[in-house]
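Per the working numbering, the sequence shown starts with residue 1, numbered consecutively.
Every clue listed holds true.
Below, a list of computed lysine to aspartate or glutamate pairs in the EDC-like style, where the Cα atoms sit at most 16 Å apart:
no.	residue 1	residue 2
1	K34	D299
2	K8	E45
3	K8	D107
4	K280	E392
5	K34	E250
6	K8	D42
7	K8	D108
8	K34	E45
So the derived label-pair ranges between C-beta atoms look like this:
no.	residue 1	residue 2	range
9	P323	Q365	28 to 38 Å
10	A377	P423	25 to 35 Å
11	A37	N62	25 to 35 Å
Source of the hints: derived by calculation from the structure; they are not laboratory data.
Positions of the beta carbon are idealized from the N, C-alpha and C atoms, including for glycine.
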Amino acid sequence: MRQAERVKILFLAANPAETVRLALDEEARAIEHKIRAAEHRDRFEFITQWAVRADDLLQALNQHRPEVVHFGGHGSDSGEILLTGRDGQAQPVSPRALETLFRTLRDDIRVVVLSACYSRPQAEAITSSIDCVVGVQGAIADHAAVAFAASFYRALAFGRSVQNAFDQGVTALALEGLDHGAVPSLHLREGVVADEMFLLAPAADPTPGPSSATGAAPAPVPITTQVGSAPTPTEGALIPTLPGRPLPPEQRERMLTELLGALFDGDPEGLRRWVHGLGKRLHAELPGGAVSAAQLGFDVALLLQRHGRVDGDMFAGLLALRPGHAGRIRQVAAGWGIAVSPPTPPRPDEAAVTTKSAPAPRVSQAVRDRLVGLIEACSSIRDAATRTMIGERLPQTLANKLLQSGSLHVQVSNLVAVCAEAPEGLTELRNAIQHFEGDSYPMRDLNEFLRTNALVSEPT
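Take these sequences, add in the hints, and give me the full structure.
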């Protein structure tokens, strides 16, 4: 029975527009949290895909070739699962179509979990091709689905068999008093014994080498998500001396979580704004509701790792945002094998020349108000996502000031206020807006006003 050195879990979620809202984000977060706390966490890779359409299934299975496929969403009492159609509405998928999908693209798939109501018919159909499939006979409550999935994957990440992992999931429901409704059921392909089915191959013993002779620990297993490679430390950089490799994954992950909690202590909304500055997609994956900065720091650390955003740019942004914590930021970066050097301040004579050649324009409040009106007349500005992307196109120094101002980068008045205080700031803002707005009539009016009042360095 084949086993893997590393196990990929593909989490597919669909919650069409007209269906009841499900806590799929909480389900994904709970699974990832349990895997991260398990013995073999570094041998699991957790991949999520949202608002899944029919073609997304083909793309994702071809692209990732997972060992485990988890579907979170709705099922119908007629035995179908509901994907998201092109119009955002529900698109039913029959048991026969799902069986055909997994027969065609089964590749390395060992386990399929259908975390959806009335999914037992699909589970039974899929066992013609897949070893183990979990389905649900009736309607399962949101919190029950989350509790089962979290315990199931935790057991797998501790190296348990599929049968034992399933039993632990059912036990978790009983312990929490959630076993009074529909519960998951395990279905097996003919000839498969779930008690004898383990997803992980035994870990290979480290090959003896020079480090073994000195009693040094073997190199840690790489973390599940790719992070930016560590740049070579520059001579004289103010960072601790780095070892030949980063710290073990669990140690550096804990350091990053604690760092984020400390930098945004008592200000979880500030942490959310910082993540928003890194990208709308990242911000959209944050859990909702009121949480502490420490708990949110844990979620953000997982999110950054999953998207490969733990890199020099991220640490440099934190350093610019919280310069008073420079020592700790560099220490955590060093734990990840990343060198972060402080920006070199210009010499006094250079600073004087720069200030003299590019002074910040004096912009009265009346002019700023007029700028806000002209910018808001641009059609692209009416979309919050575009306003966010405009903020992200600004130079890093301006983006950091926007973060410090307490804005989510979507307030036009805030964009104007920050850019009006910086040399060439309004030029940068104008260029960012024009990237999305083009040569519209409102854009021409804005350019004319900026030139007439000498607020930009050159005409477009």
